[in-house]
Structures are given as structure tokens and as C-alpha cells.
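Colleague: Residue-level listing of the chains:
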Amino acid sequence: MNLVLFLFIVLLGFTSYYFGRRKAYAIQSTKTRLTALPKFYGYYLAIWCAIPAFIIFSLWAVFEPSIVKFLILSDYSNQGYLDDELNLIYEKTKSLARGQFTGEITPFIERSAEKYLNFRSIAQNSKIVIVLSIIIASVFYAYNRLSGNSRTREPVEKFLNAVLFAASLAAILTTLGIIFSLIFQTIDFFKVIPLLDFLFGTHWYPAKAFVRDASEPLDPSMYSDTFGSVPLFAGTFFIAFIAMCVAIPVGLMSGIYMAEYASNKVRQYAKPLIEILAGIPTVVYGFFAALTVGPFLKELGNSMGLEVSAESALAAGGVMGIMIIPFISSLSDDVITSVPQNLRDGSYAMGATKSETIKKVIFPAALPGIVGSVLLGISRAIGETMIVVMASGLAANLTFNPLDSTSTITAQIVVILIGDQAFGDPKTQAAFALGMTLFLVTLCLNIFALKVVKKYREKYE
Amino acid sequence: MNKYKEELLNKRYKAEKRFQFYGQSAIFVALLFLTIFIFKIFSTGFTAFQKTWLIVPVNFDAELMLLDENPTKQDIEDADYYEIALQSMWNLDPNANEDQQNQLKRMVSYFFEREIKQELLKDPNLLGKTTEVYLTASDDLDQVFKGNYPRDLPEDQRRVSDYQLKIFDEMVVNEKVESKFNISFFTNADSREAELAGIASSFMGSIFSILVCLAIAFPVAVLAAIYLEEFAPKNRITDFIEVNINNLAAVPSIVFGLLGLGVLLAIFHLPRSTPLVGGITLSLMTLPTIIIAARASLKAVPPSIREAALAMGASKMQTTLHHTVPLSMPGTLSGTIIGLAQALGETAPLILIGMVAFVNTIPGSPMDPAASLPVQIYIWAESAERGFVEKVSACIMVLLGFLILMNLAAQIIRHKFEKKWS
Numbered sequence: 000m001n002l003v004l005f006l007f008i009v010l011l012g013f014t015s016y017y018f019g020r021r022k023a024y025a026i027q028s029t030k031t032r033l034t035a036l037p038k039f040y041g042y043y044l045a046i047w048c049a050i051p052a053f054i055i056f057s058l059w060a061v062f063e064p065s066i067v068k069f070l071i072l073s074d075y076s077n078q079g080y081l082d083d084e085l086n087l088i089y090e091k092t093k094s095l096a097r098g099q100f101t102g103e104i105t106p107f108i109e110r111s112a113e114k115y116l117n118f119r120s121i122a123q124n125s126k127i128v129i130v131l132s133i134i135i136a137s138v139f140y141a142y143n144r145l146s147g148n149s150r151t152r153e154p155v156e157k158f159l160n161a162v163l164f165a166a167s168l169a170a171i172l173t174t175l176g177i178i179f180s181l182i183f184q185t186i187d188f189f190k191v192i193p194l195l196d197f198l199f200g201t202h203w204y205p206a207k208a209f210v211r212d213a214s215e216p217l218d219p220s221m222y223s224d225t226f227g228s229v230p231l232f233a234g235t236f237f238i239a240f241i242a243m244c245v246a247i248p249v250g251l252m253s254g255i256y257m258a259e260y261a262s263n264k265v266r267q268y269a270k271p272l273i274e275i276l277a278g279i280p281t282v283v284y285g286f287f288a289a290l291t292v293g294p295f296l297k298e299l300g301n302s303m304g305l306e307v308s309a310e311s312a313l314a315a316g317g318v319m320g321i322m323i324i325p326f327i328s329s330l331s332d333d334v335i336t337s338v339p340q341n342l343r344d345g346s347y348a349m350g351a352t353k354s355e356t357i358k359k360v361i362f363p364a365a366l367p368g369i370v371g372s373v374l375l376g377i378s379r380a381i382g383e384t385m386i387v388v389m390a391s392g393l394a395a396n397l398t399f400n401p402l403d404s405t406s407t408i409t410a411q412i413v414v415i416l417i418g419d420q421a422f423g424d425p426k427t428q429a430a431f432a433l434g435m436t437l438f439l440v441t442l443c444l445n446i447f448a449l450k451v452v453k454k455y456r457e458k459y460e
Numbered sequence: 000m001n002k003y004k005e006e007l008l009n010k011r012y013k014a015e016k017r018f019q020f021y022g023q024s025a026i027f028v029a030l031l032f033l034t035i036f037i038f039k040i041f042s043t044g045f046t047a048f049q050k051t052w053l054i055v056p057v058n059f060d061a062e063l064m065l066l067d068e069n070p071t072k073q074d075i076e077d078a079d080y081y082e083i084a085l086q087s088m089w090n091l092d093p094n095a096n097e098d099q100q101n102q103l104k105r106m107v108s109y110f111f112e113r114e115i116k117q118e119l120l121k122d123p124n125l126l127g128k129t130t131e132v133y134l135t136a137s138d139d140l141d142q143v144f145k146g147n148y149p150r151d152l153p154e155d156q157r158r159v160s161d162y163q164l165k166i167f168d169e170m171v172v173n174e175k176v177e178s179k180f181n182i183s184f185f186t187n188a189d190s191r192e193a194e195l196a197g198i199a200s201s202f203m204g205s206i207f208s209i210l211v212c213l214a215i216a217f218p219v220a221v222l223a224a225i226y227l228e229e230f231a232p233k234n235r236i237t238d239f240i241e242v243n244i245n246n247l248a249a250v251p252s253i254v255f256g257l258l259g260l261g262v263l264l265a266i267f268h269l270p271r272s273t274p275l276v277g278g279i280t281l282s283l284m285t286l287p288t289i290i291i292a293a294r295a296s297l298k299a300v301p302p303s304i305r306e307a308a309l310a311m312g313a314s315k316m317q318t319t320l321h322h323t324v325p326l327s328m329p330g331t332l333s334g335t336i337i338g339l340a341q342a343l344g345e346t347a348p349l350i351l352i353g354m355v356a357f358v359n360t361i362p363g364s365p366m367d368p369a370a371s372l373p374v375q376i377y378i379w380a381e382s383a384e385r386g387f388v389e390k391v392s393a394c395i396m397v398l399l400g401f402l403i404l405m406n407l408a409a410q411i412i413r414h415k416f417e418k419k420w421s
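Each protein sequence line maps, in turn, to chains A and B. With the first letter of the first sequence counted as 1, position 295 gets the number 294 in numbering that gives the first Met the number 0; the numbers rise by one all the way through. With the first letter of the second sequence counted as 1, position 133 gets the number 132 in numbering that gives the first Met the number 0; the numbers rise by one all the way through.
Isolated chain A, as found in the complex (with noise of 0.2 Å):
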């Protein structure tokens, strides 16, 4: 019903802006001078027809549930039912009404139904009718407006200008939903938990939490020692160590070389060779960390005669490195290209050789750009969750032996969320305070490196 009325919303709009160049035409006919092209007349009654229609249309979904449903309900209001109940009820109604309903159906039940689908059908038509009288109404007024002086284009244009300008707060949007998303479950799993308890506890356990039986009202006490998040903390910038213990010389070494050395016939193929590790998806990562590196160094420690966990630190943390490679590489590799040459020229002029040159004048120089490309990597490392998820382990243990399991906030999230999740449990919770940290260390991390990868573009620009 609604997609039929969508889609005679947008016939309408077809239509008017056939009308709307026909008057057009008709008025130049008259050998009046038009001050916009044809179609921009067509256009002009094509969005006073649609938008108008539109924003009735989207208010009505959006409030239309929501006053069906308070009006079936104000016949319980005074029979002292909670809002659950209420819910429930109202769910029953529906479904119902649906012809969806299995179980036993009340007298009351029944009735509401009745008033459900009276009031839908009420509601149904009312729109049609709305939606169509102002469409009508606006048409004549933006049809009687149109003659020969009359701007057309400036209108359009502005309108079109609106529809960008509100695309780009998209962006906006978005941050705002993360922001929205976290922090309502985080300030309850504070109400339960307290913030110190979490920010220092150093035992992670929330399996403890899967005990509870729900009927029960909530007893912060029992949550004791369960939340505490150091482990995870330390596990999450363990991992991020070691990781960039791989990323960093490697990738640094092969940006110097790529700016630097390497041909243009080394430079055309290994650079998107090496960037293809950085297109490889994340959980292939996982899937191999997991079941070719983790054995191996266990097997490898078992020679040596040390005790390595099948899901250590050190293979996730090396795998991780292993993805991060390319993205130092290339950010250091345009970072030192984009050193001026003069710089290097000065250098040579000295007697310098071109590793000399490298090291004493080149990378100090674009230093800030090498650290901003390096915080970028750490940020990603830290947010890295399949890789973890798959190859460390979910129990957080509080070590720094890199031969042993560990694991992070991102795991974390995962192992509480895969599965049903009830909100309002201090476990589900305790997955989004989780994520609203993550979100704030890395976006204090990233603002800081593009901003002084920004500051470094600046000076040499």
C-alpha cells in the first residue's frame, strides 16, 4: 500500500514537470522571454509537487505506530498493568490482527484487534487523502505562480544545493549515531558497575554475569571483581606491541627503499604487490594466524623446549604486523617523497652518501609525517578484531609473556555479543562500555596523527 502510494507520488511529479515545461513553452509561444530554461519550469512544479507529499508521507511512518499503538492501549490505562505487560498485550493485539496469532485470544485481546485494524484502516485512508489534497493544493499554487518573469532556476538550485548540503551531514550523522549507539548502555553499565572498579579491576570474567536469573532484581554486589577491564587493556596494547614490532622496521625500511632506492621497474611492481596485504580481508588473517602460525610456534617452542599456548600473542600480534606493513610503508614512502629535494641536494653537495643523507637529513625531516603514518597503524592495530577473535585466546589473562594467551577489548566485544543478546544485562552493557572506550582511545589517536600528519603536509606545500 505504501510503496503503491510512493510510487504514485513520483508518477505526480513526473507529471507536473511535463506540465510545468508545457507552460513554459506556452508562455514563450506568447513571445515572452523566459528567464530559465524550459525544464527548470518543469523541475520548479515537479518539487512543489514531491517534497511537499514526501514530508507528510515519512512523518506519517515515523508517527503513525506510535499513536495506533498509546490509542489501543488507553484501554488498559487505569487497570494497573506494567509496561511490559502493556507491550505484550500490544504485541498479542498485532499479531493478531495479522492473523499471526497462536495461543489463547482474551475477549479483550480479541476486541483490540478490531479497534487495531479499524484505526489502520482510518489511519490508511486519511493519508491518501492528505498526502493527495496537498499535493493538489501546492501544484495549483506553484502552477498559478509560474509566468514569464518568474525564477524558476534560483529556486532549484537552491533546493538542490539543500539535498548536498544535507548529504554531507551525513557524516555528522553517522558519528552521532556512534556516539548515541555507546553511550546510553555505557551510563547504565556505570550505574551498576562502578567507573573505578572497571578502569582498575584486573579480573575480566563475564561469563560470571551469564548466572543471573533475570527475574531477579540487580545486585551491583555480585558483579564484584568481574569487570574489571586492566587485563583486556593490557592485552589489547600488548598485542598492538608486538604487532607494530613487526609493522615498524618492516615497513619502514621498505618505504625508505621505495622512496629512495628503488627503481621505477621495483617500484611499479612490489609496491601493489606489498599493498595487497593490506586488501587481504582481516579474517583471512585470523583464519591463518590461527591455523598455520599458531601451530607452528607452538611446535617450534616445544623444540626449544618452552611452553608456547596454540593461540599466543605473539601469532596474533605477528600476523597483525603483517597486515600493517603496507599501510607504514606507503604513508612513509609518500611522507619521504614528498620531502623537497633540495634537502636532499644540500646533503650530497656535502660529500654525504645517499644513506647518510637518509638518516640525517631525510628522516628527520619528515619525521612528524612517519610518526603521524605510525599512530595510524597502532590505531588500526588496536581496533583490529577478527584477527584476535580467531587466533588469541578469549580468556583475559593478565600477562606480558608473549608465548602465552591474552586477550582484547575487541575479542571481548565479540565473545559477548555473538549470540542473542538481552539489553539491559550488565554483560551486554559491559560489550558497549567496552566499545565506547575503544572508540575514544583510537579517536583521540587519530585526531592526533592526522593532525600532525596535516601540520607536516603544511610545512613542505
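Keep in mind that the hints are not guaranteed to be accurate.
In silico DMTMM-like pairs for lysine to aspartate or glutamate, Cα to Cα no more than 20 Å straight-line [stated by the list, open to error]:
{"no.": "1", "chain 1": "B", "residue 1": "Lys298", "chain 2": "A", "residue 2": "Asp333"}
{"no.": "2", "chain 1": "A", "residue 1": "Lys450", "chain 2": "B", "residue 2": "Glu241"}
{"no.": "3", "chain 1": "A", "residue 1": "Lys358", "chain 2": "B", "residue 2": "Glu15"}
{"no.": "4", "chain 1": "B", "residue 1": "Lys233", "chain 2": "A", "residue 2": "Glu457"}
{"no.": "5", "chain 1": "B", "residue 1": "Lys13", "chain 2": "A", "residue 2": "Glu355"}
{"no.": "6", "chain 1": "B", "residue 1": "Lys4", "chain 2": "A", "residue 2": "Glu355"}
{"no.": "7", "chain 1": "A", "residue 1": "Lys22", "chain 2": "A", "residue 2": "Glu153"}
{"no.": "8", "chain 1": "B", "residue 1": "Lys16", "chain 2": "A", "residue 2": "Glu259"}
{"no.": "9", "chain 1": "B", "residue 1": "Lys315", "chain 2": "A", "residue 2": "Glu156"}
{"no.": "10", "chain 1": "A", "residue 1": "Lys353", "chain 2": "B", "residue 2": "Glu6"}
{"no.": "11", "chain 1": "A", "residue 1": "Lys450", "chain 2": "B", "residue 2": "Asp238"}
{"no.": "12", "chain 1": "A", "residue 1": "Lys353", "chain 2": "B", "residue 2": "Glu5"}
{"no.": "13", "chain 1": "A", "residue 1": "Lys453", "chain 2": "B", "residue 2": "Asp238"}
{"no.": "14", "chain 1": "A", "residue 1": "Lys454", "chain 2": "B", "residue 2": "Glu241"}
{"no.": "15", "chain 1": "B", "residue 1": "Lys39", "chain 2": "A", "residue 2": "Glu298"}
{"no.": "16", "chain 1": "B", "residue 1": "Lys10", "chain 2": "A", "residue 2": "Glu355"}
{"no.": "17", "chain 1": "B", "residue 1": "Lys39", "chain 2": "A", "residue 2": "Glu274"}
{"no.": "18", "chain 1": "B", "residue 1": "Lys165", "chain 2": "B", "residue 2": "Asp98"}
{"no.": "19", "chain 1": "B", "residue 1": "Lys128", "chain 2": "B", "residue 2": "Asp77"}
These are computed hints drawn from the structure, not numbers from a lab. A quick note: this is a predicted structure, and the numbers were derived from the prediction, not measured.
Use these hints to put chain B onto chain A, whose structure you have.
Modeller: Quick look at chain B alone, frame taken from chain A:
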């Protein structure tokens, strides 16, 4: 030149050589990782494209199938196939005791009854006769035939018994075991049984998610890029938008998963586990990538084009929509494809919105529950059965194949259609 200076120079040259060597070895190490990686995936994965069949004589005994004389097509459809299927497996070793009979039955997939039925439906004249039917071997025997199974393990640590191996080896000698191209890997949905599991459902899930993602992200991102590059005044709002875009491009993907869970599922009550929600979540992730690419390619259009159009009396909007935007399209499109390729490989946000649920049907629309290729990789990688290992690698090969195709397409669009301004 005195000796001291010469030594110093030598030392400096050596340092130069060493430094170059470090650079070369860094590149070598990076490429070595890539090679090991590709080799490992391909060497474990390619066997998944073959499937092992056992050729078993089946006696279509009308009596056992509870059929009367001259059955109609419907009767054959409804007949009982379990007994004859069981009998034909037991006949592989007429002297088997009850336990061994059970083991015989487990040599083929639980689907064997259906396979026998299909054979009869294809040719109803076979009723009452004995014919040889291809039955899917169990995943363990499949692995044995491909040589991936450690046969020398003690029997109690294997899922294949010595008895099954004995019968199987006899069949191999009699050439009653055959390996054929594994079509069902591409046409079947996911299954708990490795020998029947396929990628069709996750593949469709991926396609639907990507289409939803494209339908949302592309128009919004292009419009936003046009505004920011061509119309936006330099003020606080546009600065803020820009900071936001750059940040979003670096926000961990799992945070977008939390957004999908907390807003799309919990507030808007969109259906869980569906490509629709997955696509919307991915589109928010891809948005900044496309915006950045589209802005870069708008920036690359030389100002002379705009000036020429303006000089001819076009308005700013006409200049942009008629000249600048079409000229920037190749760059925008290749950026979009690269963004979509990233989205195609994304796993974590899809797990959070429930696309890991076990789905054994092939979705027909974005509103049906589905997995996606990377999530399928995760699901299979987590299951313990040996048969899934090669499936994971094969699924990775399919996914990587698509990513390579998309990146190639992006390259081609860029090189073929982009104008070089000089």
C-alpha cells in the same frame, strides 16, 4: 689520502651497503609473507573443489519401498527410500555385524537417501532393477581419499574406524570411488556436515549486502563530496564535517557493528541477521572512503573547465552537474569499487548484527537471514571438523577472487576513462 681517511670512507660505504640491504630485505620479507600466505591458502584449499563419491549398487526393490504394482509418479515421489538405501550400504559387506552395519551407513552423507531417490526419479524404469548410484562420501572419507587424513593415528583418536578404512580401500581398488568437480560447494547452502556445506547462501548474502551498501553509500557520498568540494563555504560547520569524515575513515569497524546493533536493531527494529541491516552498517563504513575518493577526483578536474563553463553563462550548479561531476566520475567510480571491496571483506560488524546465525537456506531477498562470505569463513574456521579446513581455504579463494576482480575493475575504469590533464 692518508690511511685513516681511506678507512673511514670504506666504513661509510659499507654502512651505505648495509642500509640498502636492510631496505631490500624489508621488501623481501613483506613479499615472502605474501607468498607463504597465498601458497598456504591455495595448497589447503584447492582440494575442496573436488568431491569424493562412492559408487554403490542399489537395488530398487519395490517391495521394500512399499510400492504397489504400476506406481504413479506421485507414488515414487512418496515412496520409502530409507530401507533400500540402508540395504545397499549393508550389501557392501554381507557379513557385517550390527555395529559394522552402522559404520557402513556412516561412510556416506546423511543425504544418501535423497540421492538414491533422485536417481530413481530421473529414470523410473530402474524400479525393480539394480543399478550403480553415486553417493556423497562422508567428509572424513573424503579427506582420506584426498590424502589429508592422518591414517596412522591410533584408531580411538580417529573418526574413521579401521573397518571403514578396510571397506573403503577395497572400493578404491575396485575403482568404486571417484573424485569429481564439487558443484555442490557452489550451489548448496551452509550445512553442519562438511561434505554437504556450500557457499551459496553466504555468497547471496554478500551480494545483497553489497548492493544495499552501494545503493545507500554511493549517492550520499557523491552528493556530500560535491557539496564539500564545490559549494561549501569555509566555515566551522564544513570544517567539522571534514574532521568527522577523516575520523570515520579510521574508526574500528567493530564500532560500526555496535552502531548497527544499538540503533538499527534495538531502536528501529529492523530484522536481525539480514543483509539489509548488514548493508546499511557497511554503507556507513564505506561512506568516508567514497567521499574521500570522490573529492580527490573532483579536485583533479582542472579549474579551466569550470571557468570555461561559467564564462559561457552556466550557473554554478550547471557547471558542476554538467561538467565537473561527469569528468570526475571515473575516479569516483573506482574509489567506490575499492570501498565496496573493503566492505565485502568486512566481518566483525556483521557478526555483531547477528549474521553468524546458522542459515541453511539460500536467501532470496535482503530481508532474509543470511551470512556473508567472510562470516562463513569465520563460522567454518571455528568448527572442529577436519573437512571444514579445506572449505575455509576454498571460501577464502572465492572471496579473494572477487576482491581481485573488483580491484582490477577499479584499475581498468581509472586507466581507461580517466582524462589525463597536463
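Colleague: Hint by hint, say whether it matches the structure.
Modeller: Here is what the structure says about each hint:
The suggested pairing of lysine 298(B) with aspartate 333(A) holds, with an alpha-carbon distance near 19 Å, which does not exceed 20 Å. Of the supplied pair hints, the one linking lysine 450(A) and glutamate 241(B) holds, its CA atoms being roughly 13 Å apart against a limit of 20 Å. Simply put, lysine 358(A) and glutamate 15(B) have alpha-carbon atoms about 11 Å apart, close enough for the 20 Å limit, and the pair holds. Pair hint lysine 233(B) plus glutamate 457(A) holds up; C-alpha atoms about 18 Å apart against a cutoff of 20 Å.
Straight-line distance between C-alpha atoms of lysine 13(B) and glutamate 355(A) comes to about 12 Å, which keeps the hinted pair within the 20 Å bound. Restraint check: the Cα-Cα separation between lysine 4(B) and glutamate 355(A) comes to about 17 Å, which is no more than 20 Å; the hinted pair holds. Straight-line distance between C-alpha atoms of lysine 22(A) and glutamate 153(A) comes to about 18 Å, which keeps the hinted pair within the 20 Å bound. Under the criterion of a C-alpha separation no larger than 20 Å, the hint pairing lysine 16(B) with glutamate 259(A) is consistent with the structure, at around 14 Å.
Taking the CA atoms of lysine 315(B) and glutamate 156(A), the gap is about 9 Å. The hint holds against a cut of 20 Å. Under the criterion of a C-alpha separation no larger than 20 Å, the hint pairing lysine 353(A) with glutamate 6(B) is consistent with the structure, at around 18 Å. Of the supplied pair hints, the one linking lysine 450(A) and aspartate 238(B) holds, its CA atoms being roughly 13 Å apart against a limit of 20 Å. Distance check on the hinted pair: lysine 353(A) and glutamate 5(B) sit about 18 Å apart at the alpha-carbon level, within 20 Å; holds.
Note on lysine 453(A) and aspartate 238(B): the hinted pairing holds, with a Cα-Cα distance of about 14 Å set against a maximum of 20 Å. The straight-line distance between the Cα atoms of lysine 454(A) and glutamate 241(B) is roughly 16 Å, inside the 20 Å bound, and the hint therefore holds. For the proposed pair lysine 39(B) and glutamate 298(A), the alpha carbon gap of about 17 Å is at most 20 Å, so the pair holds. Distance restraint check for lysine 10(B) and glutamate 355(A): the Cα-Cα separation of roughly 12 Å lies within the 20 Å cut-off, and the hinted pair is therefore satisfied.
For the suggested pair lysine 39(B) and glutamate 274(A), the alpha carbons sit about 19 Å apart, so the restraint of at most 20 Å is met. The hinted pair formed by lysine 165(B) and aspartate 98(B) meets the criterion: a straight-line CA distance of about 15 Å does not exceed 20 Å. Using a Cα cut-off of 20 Å, the hinted pair lysine 128(B) and aspartate 77(B) holds, with the two alpha carbons roughly 19 Å apart.
When the structure is compared with the earlier hints, no violation turns up for any of them.
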